[in-house]
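2 protein chains.
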Amino acid sequence: MLAMRDLKPAQLTQLQTSFPELTVLTMADLSETNLNDINIIYGYYQTTAGKTLLSQLLASSHSQLQWVQTISAGVDYLPFKALNDRHVLVTNASGIHAQSIAQNVFGYLLYFERALDQAVVAKSQKHYGIDTDKIVNLDDKNLLIFGPGHVGQQIAKVAKAFNMTVYGVSHSGQAKADFDEIVDDRHYEALLAKADYIVNIMPLTTETNKFFNRAFFDKLTTQPIFINVGRGPSVDEAALHGALTTGQLKAAALDVFDPEPLAATSPLWDDANLMITPHTSGYVQHFSHAYFNVFLPNLTQFMQDGTLVQNLVDMHKHY
Amino acid sequence: MLAMRDLKPAQLTQLQTSFPELTVLTMADLSETNLNDINIIYGYYQTTAGKTLLSQLLASSHSQLQWVQTISAGVDYLPFKALNDRHVLVTNASGIHAQSIAQNVFGYLLYFERALDQAVVAKSQKHYGIDTDKIVNLDDKNLLIFGPGHVGQQIAKVAKAFNMTVYGVSHSGQAKADFDEIVDDRHYEALLAKADYIVNIMPLTTETNKFFNRAFFDKLTTQPIFINVGRGPSVDEAALHGALTTGQLKAAALDVFDPEPLAATSPLWDDANLMITPHTSGYVQHFSHAYFNVFLPNLTQFMQDGTLVQNLVDMHKHY
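Top to bottom, those sequences are chains A and B.
Just so we're aligned, residue 1 is where the first sequence starts under our numbering, counting upward by one.
Just so we're aligned, residue 1001 is where the second sequence starts under our numbering, counting upward by one.
Keep in mind that a hint or two might mislead.
Unchecked claim - Simulated pairs of lysine-lysine, BS3-like, Cα-Cα distance not exceeding 25 Å:
#	chain 1	residue 1	chain 2	residue 2
1	B	LYS1160	B	LYS1134
2	A	LYS157	A	LYS194
3	A	LYS194	A	LYS210
4	B	LYS1081	B	LYS1126
5	B	LYS1317	A	LYS126
6	A	LYS176	B	LYS1126
7	B	LYS1123	A	LYS134
8	B	LYS1126	A	LYS157
9	A	LYS126	B	LYS1160
10	A	LYS250	B	LYS1123
11	A	LYS194	A	LYS160
12	B	LYS1176	B	LYS1051
13	A	LYS250	A	LYS123
14	B	LYS1250	B	LYS1160
15	B	LYS1123	A	LYS123
16	B	LYS1210	A	LYS250
17	A	LYS250	A	LYS194
18	B	LYS1176	B	LYS1157
19	B	LYS1250	B	LYS1134
20	A	LYS250	A	LYS81
21	A	LYS317	A	LYS51
22	A	LYS123	B	LYS1126
23	B	LYS1317	B	LYS1123
24	A	LYS123	B	LYS1210
25	B	LYS1176	A	LYS160
26	A	LYS210	B	LYS1123
27	A	LYS160	B	LYS1157
28	A	LYS8	B	LYS1134
29	B	LYS1157	A	LYS123
30	B	LYS1250	A	LYS123
As the list claims (entries may be wrong) - Chain A stretches covered by chain B per the calculated footprint, using a threshold of three residues with CB under 8 Å from any CB of chain B:
#	region
31	102-109
32	190-198
33	224-235
34	299-311
FYI, nobody ran anything at the bench for these hints, they're computed from the structure.
All C-beta atoms in this analysis are idealised placements derived from N, C-alpha and C, irrespective of residue type, glycine included.
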């Protein structure tokens, strides 16, 4: 097993105790002689070194690679065809980031709606007073979530505590807890007319690439706040800039961009009513602990029979 | 009935239809000849005109005043002894502000904990990046709420959706929904050692006046974030300034001050890690509607038998 992400000493001890037959290598241990012994990659992410290594293993007829555990929830960057051809299983880190991302979503909304943006400016001027006409209550507002997976469900749970009405859009349209209604992705247009807030947390696929484009923003009539905590390429940034400029959107918050980092020349930097976070919404304190705990049940099962119990990625859906 | 707060035309029509025997006066209608006819004051607040009028009515042996409906939830400013001597009932606006105040509380917390303060500064510099070591997750944190009334309970409800542990301190120590534990106000000190976040939403009484003073802040060991959405005089502002300066508090947010507005000379304006909102946390869109709906069931009962069904203030507890 190759640990691309460092294991803590206690985690390494736990692996060695539970699975004495398992050899754990780090990137520094790799050589031409042990490369093909790797059966599991723990902590895979799309660094240059990671991409090179994975290509090399998938191209080698002697590679023993059977399972890749990514560090991210979204896995759009993987070479799915090659992985599938070689019958390599992929598991993602879905679920670990849900709490964090939901917290950022409400951080953005409350910053705008409770006029905290004004409060920050007023304090810097030692001015006691804000324009209360700009203060908005979240309760009784309509939240529309594109992608009711782990993260979307946690966003919905908090939204219900704030007494919001929650709508979702998914591929299947299947009902989920805390959503008042979920429609499938061919029937969401009627919901746009109700949306006060729109959140994207869909995986990036060919269908969701540039999903939020000019045609989408042109359908909006309610001046919602738009939040992207999914993937950057799902949003046409020029169209978003346009929608903020024309007022089709009241405000927006973006945590992801295409490409990242956001170019210094992007017009988004100058957009008023836009909050930018640098792909940090999913940041988790004690990530190492949470991540290892997603991996361990899978490893236990894998060592018994080569199968996995959770977070398995569908090689055709790519999420 | 005197309407110190304007009634909307539809509300006035509703009153005239339901209670044809009721005469509704506005402040402009008042004269020496009708002053003593006032039996109800709707929308009372501590303006100079309000205070003068109330004193005059309470001092007049011919006054018919029976009931004062305040515009605020906290009623610490009322002349309780005189009201009690004259057997005047008081109802407050408790409950109307709960959703709004809870939203501000989480707006403050998420602004600090999800490093949105850094994000705002970084955007102004067109800089993509923040110090992720400063990002904190709310889940699994301990929230300590002083005052588990309507507002405190709504704060607790949202905190549970964020997977926080919620403690409360009240006069009775009586259990409430969404609180993991509530202790009485003589036994809260053990909870201070666990507190990541402390919120004050207690009514202002002689017991809560300057409750959050230097002795209180000196007991803190966890560098919590402190939020005051209750009443300004419950906090010793000089002690709070000291606690922010020494780092006893990680950060703070204040919506209320003593006096208001906060003086331009206050050292609080220069405190880093302090958010100031100008008594706007309870701001409610469509307040007029919500307020009238708190009043109406009471008026209906009052017109029948002179009693009230909700939001009655205890003349000895003062809340």
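Quiz item: If you check each hint against the structure, which ones fail?
Solution: Violated hints (numbers, rising): 4, 5, 6, 8, 9, 12, 16, 20, 23, 29, 32, 33, 34; every other hint is consistent with the structure.
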